[in-house]
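Asker: What follows is each chain in one-letter form.
There are 2 protein chains.
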Amino acid sequence: MKIEDLILVSVDDHVVEPPDLFDGHISARYAERAPKIVTKDDGTNAWVFEGQEATNVGLNAVAGRPPDEYGVEPTRFSEMRPGCYDIDERIRDMNANGVAASLNFPSFPQFCGQYFARAADKELALAVLRAYNDWHVDEWCGTHPGRMIPLAIPPIWDPHLMADEVRRMAAKGCHAVSFSENPEKLGLPSLHNDHWDPFWQACSETNTVVCLHIGSSSQVVVTSIEAPVDTMITLQPMNIVQAAADLVWSPVLRKFPDLTLALSEGGIGWVPYFLERVDYVYKNHRGWTHQDFGDKLPSEVFLDRVVTCFIDDGFGVENRHRLNIDMITWECDFPHSDSTWPSSPEALGKYLGGVPDQEIAKITHENALRVFSFDLHKHLPGEQATVGALRALAADVDLGYRSSARLRKEGTEAVTMLDLARQLPTSS
Amino acid sequence: MKIEDLILVSVDDHVVEPPDLFDGHISARYAERAPKIVTKDDGTNAWVFEGQEATNVGLNAVAGRPPDEYGVEPTRFSEMRPGCYDIDERIRDMNANGVAASLNFPSFPQFCGQYFARAADKELALAVLRAYNDWHVDEWCGTHPGRMIPLAIPPIWDPHLMADEVRRMAAKGCHAVSFSENPEKLGLPSLHNDHWDPFWQACSETNTVVCLHIGSSSQVVVTSIEAPVDTMITLQPMNIVQAAADLVWSPVLRKFPDLTLALSEGGIGWVPYFLERVDYVYKNHRGWTHQDFGDKLPSEVFLDRVVTCFIDDGFGVENRHRLNIDMITWECDFPHSDSTWPSSPEALGKYLGGVPDQEIAKITHENALRVFSFDLHKHLPGEQATVGALRALAADVDLGYRSSARLRKEGTEAVTMLDLARQLPTSS
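So the sequence lines, in the order shown, correspond to chains A and B.
First residue of the first sequence: 1, per this note's numbering; consecutive thereafter.
First residue of the second sequence: 1, per this note's numbering; consecutive thereafter.
Chain A with its partners taken away, still in its complex shape:
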């Protein structure tokens, strides 16, 4: 298969929310207290809501920035590529990268709306969260039909409200919801607790995929404050193995046989080892741990029900037959620092040699469209959805680096976790 003939659907990109997102989506009663963008004394932008400040962290919007200007300091909208927050520009950036459709995770509300959940006034929080979801579906996804796969944020403080919101969003055509890889780390019951059953039930009934994104426990992997940041960056994706193990051994998959979950940005190359380990533990330890998977192995349950997701993972693709070829999906991660944008087709193409066309189609788009119930081709027929066709629309998109003197760093010493902590805003 030629690179220009690929059809790419990314199940993991990120929206940097524009300042006007709540306009027209929140009732007058709550409008005054909805999150607002402010410009701080140093010129950086931040969301403020109920006494909480959320800055736009540098690494979360680095597409098009020279790598020596990466960092985690707060940034300004004016320093970002407009495709981070402007839907028309985003579509142009997707075209330039040959990406037909994309599922976008939130930025300032955090992966499963932790920012909203921290508000003391939960009626306000719910109004804001619903306004956010409406904006996401109606504007971010609705402006260019067929290009953005909708994803809801749930009100994690109440599983019954979560179920209601899942059903409300499904009625609007949204079949994905972002949840936490480890709610216990957020001060909530764990994945092993039946507290969440109303939520799982609603997702099950509405064919809504539960996406567990790396970092959605609000924690990063810090081996040591002295460690180079490369250590954390290396470990962060694979750390989702903890959620994978929780899922396998929890009652969730067995109690809700129609529920599908995704390990967003988790990578795939480690999964065959993990599943072999899971089955080894089952065979060797079930005598005293009392696990029971009936006539299946736990690895089989995982493979049937868990969507695996990768950005750049040649070893995983090589071993795709140790996974479920119908549940492997691809990610672009725009505009984060691990993204392959704007050369995703070339990055992916490097290790598709020898993969049959039918399997390439599953991995690049068919699986994503099926699991997220998304009808790409209604709006974008096959021949208009290819890398070649989309790139032809974007010949005028400037793909050169845009530098910002303010973000340039001095020094050549290895950057440690401590250095990073010093860049972070003190209030977050």
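Hints were generated in silico from the structure; no laboratory data involved.
Among the hints, a few may not be true.
Identical copies carry no separate label here, and so any pair may be met within one copy or between two of them.
[What the hints assert, rightly or not] List time: in silico DSSO-like cross-link candidates among lysine-lysine, alpha-carbon distance up to 30 Å: (1) Lys40 / Lys283; (2) Lys350 / Lys409; (3) Lys255 / Lys350; (4) Lys2 / Lys172; (5) Lys296 / Lys350; (6) Lys283 / Lys255.
Guided by the hints, dock chain B onto chain A, whose structure is given.
Answerer: For chain B alone, kept in the frame of chain A given last:
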């Protein structure tokens, strides 16, 4: 290759220390205050030393016990298989499993002697630690020459004393030392700190392999106190990936080019994914993180210098050419619960089909003998070291389960981390 022709050298087993270990190894001045075995009111045995009590945790000595009696409660010597603590019986148990030679990690002193390091009187601690190491080399390894590969414990509270002990042990023929996968978790400087340089230097100069065993940070992976124990058991080996990332990005490997480290019980099937990720991070982030590996990739440095170790890992063996075939080693894990004893040859044989004999030889024994500078064949010529030859010596070894009514558990509910915590002795 036939199973009976394999030569098996295990780089990870465990000694349960016998009560008389310090006799004749510690000077009269410290003998009174050396660790002693006591029998508690409930009949279980424990070591006591300077106010600390260390019990024999059930899972650490379950070889030969029915799986429905596994658990972490304190046990008695009389409930263990004698091969756990008696060197003559251990050799018979090794013979029955066809294992020619074995490297043994400590039990009550913890993986890198944390138990000794907690003593307030550091002169006493050093005397005890040296006595332990002398016992290990002279008795545990010396009684049956050629069968036990020696492993030292270092005095982790002082890197200069560590260097001295490494040199003293090397002079006694010991070329392995157990250290921590994350000393920061023990309240000591991290692997990134030059604090440890005298230790690395001594290991480098004496060709001593530094073994980082899973759990040697004194921490287990607990996703949730509500999680089934299977979650922790699944995750514990792969958790060594954190130490692997620390090593790759720390100055250690680059500053000490002759130093070798081993990721004991870490498994191997996840390593190719990890190394691909490491190189991706290097290429994408070095512009701002300032890492420099000269004309190499970080994955190459890892593959050259880090010994990988597995118990049962068919996927890893299948992908051995993504690793360094000269640095893959095998483990039996006797008498722990993940051990394949007494059917290790059969368990390993399952996925050696299609592996060339020369590569089987490297994985099963040649690599281990080379990296640990151990001359097996001086004492046990090739034809006497095979699975078939050793098992022929052990026809009378009883391999049936030995049950203990006291350890049998009621109930069929999934066992959680909380249940496990309740089994643990309160004083540890």
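Asker: Next step is simple, just say for each hint if it's right about the structure.
Answerer: We went through each hint and held it up to the structure:
1. Taking identical chains as interchangeable, the C-alpha atoms of lysine 40 and lysine 283 are never at most 30 Å apart, the minima being 58 Å within one chain and 34 Å between chains.
2. Neither within a single protomer nor between protomers do lysine 350 and lysine 409 lie at most 30 Å apart by alpha-carbon distance, with minima of 32 Å and 54 Å respectively.
3. In this homomeric assembly, lysine 255 and lysine 350 never come within 30 Å of each other (Cα to Cα): the closest approach is 40 Å inside a single copy and 34 Å across copies.
4. In this homomeric assembly, lysine 2 and lysine 172 never come within 30 Å of each other (Cα to Cα): the closest approach is 36 Å inside a single copy and 63 Å across copies.
5. For the homomeric pair lysine 296 and lysine 350, the shortest alpha-carbon distance between copies (21 Å) is at most 30 Å, but the shortest distance inside one copy (36 Å) is not.
6. Taking identical chains as interchangeable, the C-alpha atoms of lysine 283 and lysine 255 lie at most 30 Å apart only when both belong to the same chain, with a minimum of 21 Å there against 43 Å between chains.
When each numbered hint is compared with the structure, violations occur for hints 1, 2, 3, 4.
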